[in-house]
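Chains as they are written, first to last, in this note's numbering: chain X, 1 to 339; chain R, 1001 to 1339; chain V, 2001 to 2318; chain C, 3001 to 3318.
The set of hints was computed from the structure by calculation and includes no laboratory data. Computed from a predicted structure; not experimentally measured. Honestly, I wouldn't trust all of these hints.
Unchecked claim - Per the computed footprint, the stretches of chain R lying under chain X, defined by three or more beta-carbons under 8 Å from a beta-carbon of chain X, are: (1) 1079 to 1091; (2) 1271 to 1278; (3) 1304 to 1317.
We put the beta carbon where it would ideally sit given N, CA and C, even for glycine.
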Amino acid sequence: MTAVLPEQTGVAERTLTYAEAVREALAQAMAADDRVFVLGEDVGAYGGAFGVTGDLVHRFGEERVRDTPISELGIVGAAVGAALAGMRPIVEIQFSDFTAQAMDQIANQAAKIHFMLGGAASVPMVLRAPGGSGTGAAAQHSQSLEAWFAHVPGLKVVMPATPADAKGLLLAAIDDPNPVVVLEHKLLYKQSGPVPEAAARVPLGEAAVRRAGADLTIVATGVMVSRSLEAADRLAAQGIEASVLDPRTLVPLDGQAIVDSVRATGRALLVQEAPKTGGFMAEIAATIAESRAFGFLRAPIGRLCGLDVPIPYAPQLERAAVPQVDDIVREASELVRRW
Amino acid sequence: MTAVLPEQTGVAERTLTYAEAVREALAQAMAADDRVFVLGEDVGAYGGAFGVTGDLVHRFGEERVRDTPISELGIVGAAVGAALAGMRPIVEIQFSDFTAQAMDQIANQAAKIHFMLGGAASVPMVLRAPGGSGTGAAAQHSQSLEAWFAHVPGLKVVMPATPADAKGLLLAAIDDPNPVVVLEHKLLYKQSGPVPEAAARVPLGEAAVRRAGADLTIVATGVMVSRSLEAADRLAAQGIEASVLDPRTLVPLDGQAIVDSVRATGRALLVQEAPKTGGFMAEIAATIAESRAFGFLRAPIGRLCGLDVPIPYAPQLERAAVPQVDDIVREASELVRRW
Amino acid sequence: MDLTGNTGAARQALLTMWTIRRFEEAVDDLFARGLMHGTMHLSIGQEAVPVGACLALADGDYITSTHRGHGHCIARGARLDAMMAELLAKETGYCRGRGGSMHIADVATGNLGANGIVAGGVPIAAGAGLAIRMRGGPRVVVSFFGDGAVNEGAWHEGVNLAAIWDLPVVFVCENNHYGMSMPVARAFRVERLAERAAAYGIPGETVDGNDPQAVHDAVGKAVARARSGAGPSFVEAVTYRWKGHSKSDKNLYRTREEIERWRERDPIARFETRCALTEAELAEVRDQARDRVREAIRIANAAPDAAADSLTDAVYAS
Amino acid sequence: MDLTGNTGAARQALLTMWTIRRFEEAVDDLFARGLMHGTMHLSIGQEAVPVGACLALADGDYITSTHRGHGHCIARGARLDAMMAELLAKETGYCRGRGGSMHIADVATGNLGANGIVAGGVPIAAGAGLAIRMRGGPRVVVSFFGDGAVNEGAWHEGVNLAAIWDLPVVFVCENNHYGMSMPVARAFRVERLAERAAAYGIPGETVDGNDPQAVHDAVGKAVARARSGAGPSFVEAVTYRWKGHSKSDKNLYRTREEIERWRERDPIARFETRCALTEAELAEVRDQARDRVREAIRIANAAPDAAADSLTDAVYAS
Ligand SMILES: Cc1ncc(C[n+]2csc(CCOP(=O)(O)OP(=O)(O)O)c2C)c(N)n1
Ligand SMILES: Cc1ncc(C[n+]2csc(CCOP(=O)(O)OP(=O)(O)O)c2C)c(N)n1
Ligand SMILES: [Mg+2]
Ligand SMILES: [Mg+2]
């Protein structure tokens, strides 16, 4: 387990937004390797639905920053074929909700080909897609679908929560010889943070301890990481010290880091934006409950998740549908005080 | 929680196979309600890829037992539209793996329309699809995808494990005003059991205690129910008495029944065929770990699941990829002896 | 129906076009002033298509709509106040504030819903057509979608189902030249999207989508065909969207001149010069549209916000 | 290339057709005797399509194949023993026993894989074509699929991508009249599936799929076009499957007479009567095919079973 905190990396950094960090990773990967290219709807002149690809088409041309028709299944399939034939495609799906259109190529093709062919071929590709609510885009444009992908053997699944990770994890995903699904978060695109100038990789499979504390372990993903950190500050004011752990990659999962932390604190609060039932935090709860940490648990394992509802349009309803900082503070302090 | 054991129902029964039980439910529902119809690939003259629809086309005609082209997304979409316009469609997808093709209509349309439209419309439809391995059909024809559907608010998810439930749960699913995904199991189609003659519903959301025992609770779904019962018999010979609990519906889940049982036995072994990571048994583990049963747990919560691999073709590999009776016996006795 | 010569029809067509225009201008303004949230896809410049098409429909007919669906909803006869309330996230909105612009629907007028998924409504329309066929009776479905939708697998599958089963569906393509930033010329290797109809063995026709009469004639013919049991048709209405695709659009993929050229072909202004209404009548229609939209805003603003208390209850029908 | 007149070519075409036939007869027999498991989709009766098509390809070209893929794999030059070993679930099989018939692939001969998903290979073929375009060079891709695949969204999207980007892909439809039990006449509202090519602005041609020369000529022309950079084509080869769709097929959807009529149009027997080989040469080719298949079975049977020990290691590439 590695805590990649800025002061530890010792490399030149600037402040970038999360979206800029993604763009920089794309640019550095394309500059370094001719096989790398980007394809997706409106990634060219438009610069991407969330502005992530920005000006890349002007720097790398229309062949390598390739606008596609609205055909998610075809686009992902084309990436699979291009990867099989020696390229390193990076697909952007405008909203992660539209991976539903491409699920066959993602889960039945990309994920399985290496195994089904007995190792004779591999599918080195990256699928980037923004998930999450908070923009008023309603039920078909706001889902957090990481649990779908994490349940498909053959895929790796990445959820960067900071600009530095958005860059470093994406570079690692591009290097990886397997299909990697990178789930970005819409609300994070405009958040800023220090990002190394160099094309430094953040290895897949290593959690980050974003904050250390002895009273409970908060495990959070995506936009819930920064909300949990904010909650942890408020909890500290109440005398509760929380560890905040960001798995960063769901597959491979750094279960060790989670189990170690929960063993030390005796309490776990698992925070995700996705609906509770069948979400990835269930997997983390199960991982803890079957682990060496079991005997050290002082409280039931708490889950604080999105409600089991489609994301509503109205802002007040949308907020109520997913955990907010207040909710995290409340659940965490109850967990500590009651047990 | 209801234990629907044959002797308790007190209604006329015969022995039918699981496939015949499904067919009988379809026939009774179509006979009772003009709005009910079946559509899918090869459901007509061919009788269904697994023979489930059999001779229904001769009884109800080609309009109501409707062969479709190979277009899963279109078929499910057509069911959504027909349901919105007053019909009660039942879609058969030949292998549950091909729900990947239709995921947009399942998850983004059918599941969400009632909510998105503020309740102004509903989508009463059933999607039947066989899952599971054991037939040598390899990675794209053997998946157990219940976790995907259970994570989509708006869907109900049913996994019948006996012929009686195959009929009774399907009838309840057809009655339901919501989209219901019924995941049948290929290996069960030819298994026989008592089935009521009447069109008796098995309500959604009630688990069945298939066996009662004081030493541990085995929770199992699909084909793992009968394997767990076989394992429980062998465990009994070793002096270990297992409860075997079949949730029957994942959404809505009878969490109460599970928690009550685990509270009584103090030990839980959760058995599923699907790959472990992100499978539905993680949700059940999390449900237990956050519940009133927590304080009664005498052992870590055990999960015995499919390996995190695509299903291989070779029979010995295929067997190794998912839990067998021996594995259940081994895990259960270890859980009881060690803790 | 003669929309230009018949003054009643002309008034109705014009009033509906103006209502759509004014409604969307109001939405644009509310959005710019931060009084509306989310994202909005405006159909300003495309009003002739929904108006011409929906005038060919009768009570009990269905439509499926798109992310750019305000026009369809209005043209089908929805209440403006309930629409505006929805966009303002009010409890009195058509979707109780749960759906917003991308899911707006007035089921009472047969609108099965806007759809945030490109081409998502196409197989749904086929299914509604199937229900009509199985129930019997003369009803039809009009499925609206954009040019971009025509490259989705859902479109292909939905159109084919309707074609092989002779379902009473009219597929109406609003070809506004772009799918977001992707020009039709780059996304297709055919000149006219209507050429794709032949692949499904159904009639295809391309018409001037800025002329409500042309749209009405083509859709009317297709509706008559569908009602008679002869199966689906494809009508391509060529038009243009004046505004950006959505709020994130910087218009980097098209020129000012192009937009200007199309503004000169304003479907409303052209219709006003062609139709049989007098200048006074025109002014009256314009005022009426303006007043209707103002009134809708007033009613919607006064309504209570959508209530968060019953969120989970609203997921399943019972 | 003249496949009938040129004795070398004739020998090659015939040997490959016989090899596919004998291979699949052997598979059918092993299956019936319980020595092979899973399910099998046999292409007996359709051998002229892969043979005619693959003779138009060169080293470095790719193919994507289908659930009915033994013929494609053999025609592209795969080793019979490694194929047979795969079907017998042996460690020496092409997929180490992990894939079986539906995922058989010989990557060395450019076969990117059979596919258990109808139309699954079509967008993959477009992607391989895109890789070729981006890398440069004269390589092409042939994508095989059945008539049933043509109604999948994946097919529509894959063909359109290849078309708009002028990718070097030849789409070869093995129209064997049925998608499982669904007759082409009920699944389509067009006479010939090649009519669909026009929807994507690419050439489409229908040929006799029981004549390797006809297939070869059409695919050869399309390959030349693709190599020249002019983009994709669609070739529909009309043929017939003699055996059931798979093992579960009771042939309830077609008549004995129909099957008999098509057996009389056996692509191999017809080719034998037409080609320039003598009766002695024909006999030699037949013996050779038989011997190759026997030898493959012998080698495969002797190989070790697929090993379950390294299952989880095999999921990810490293
Ligand atoms: C399946 C899917 N893919 C992508 C999007 C994002 N998106 C929304 S509208 C749009 C463009 C649609 O173009 P067109 O169908 O021509 O309709 P128009 O916006 O021009 O009215 C895109 C790409 C989406 N909503 N759904
Ligand atoms: C996406 C998908 N849907 C359905 C199936 C089940 N299935 C396998 S082969 C087949 C028929 C395919 O027909 P066609 O494409 O004509 O090929 P053929 O079998 O005739 O060679 C079907 C329905 C599948 N494998 N994949
Ligand atoms: Mg458009
Ligand atoms: Mg076929």
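Check your understanding: Which earlier hints can't be squared with this structure?
Key -> 1
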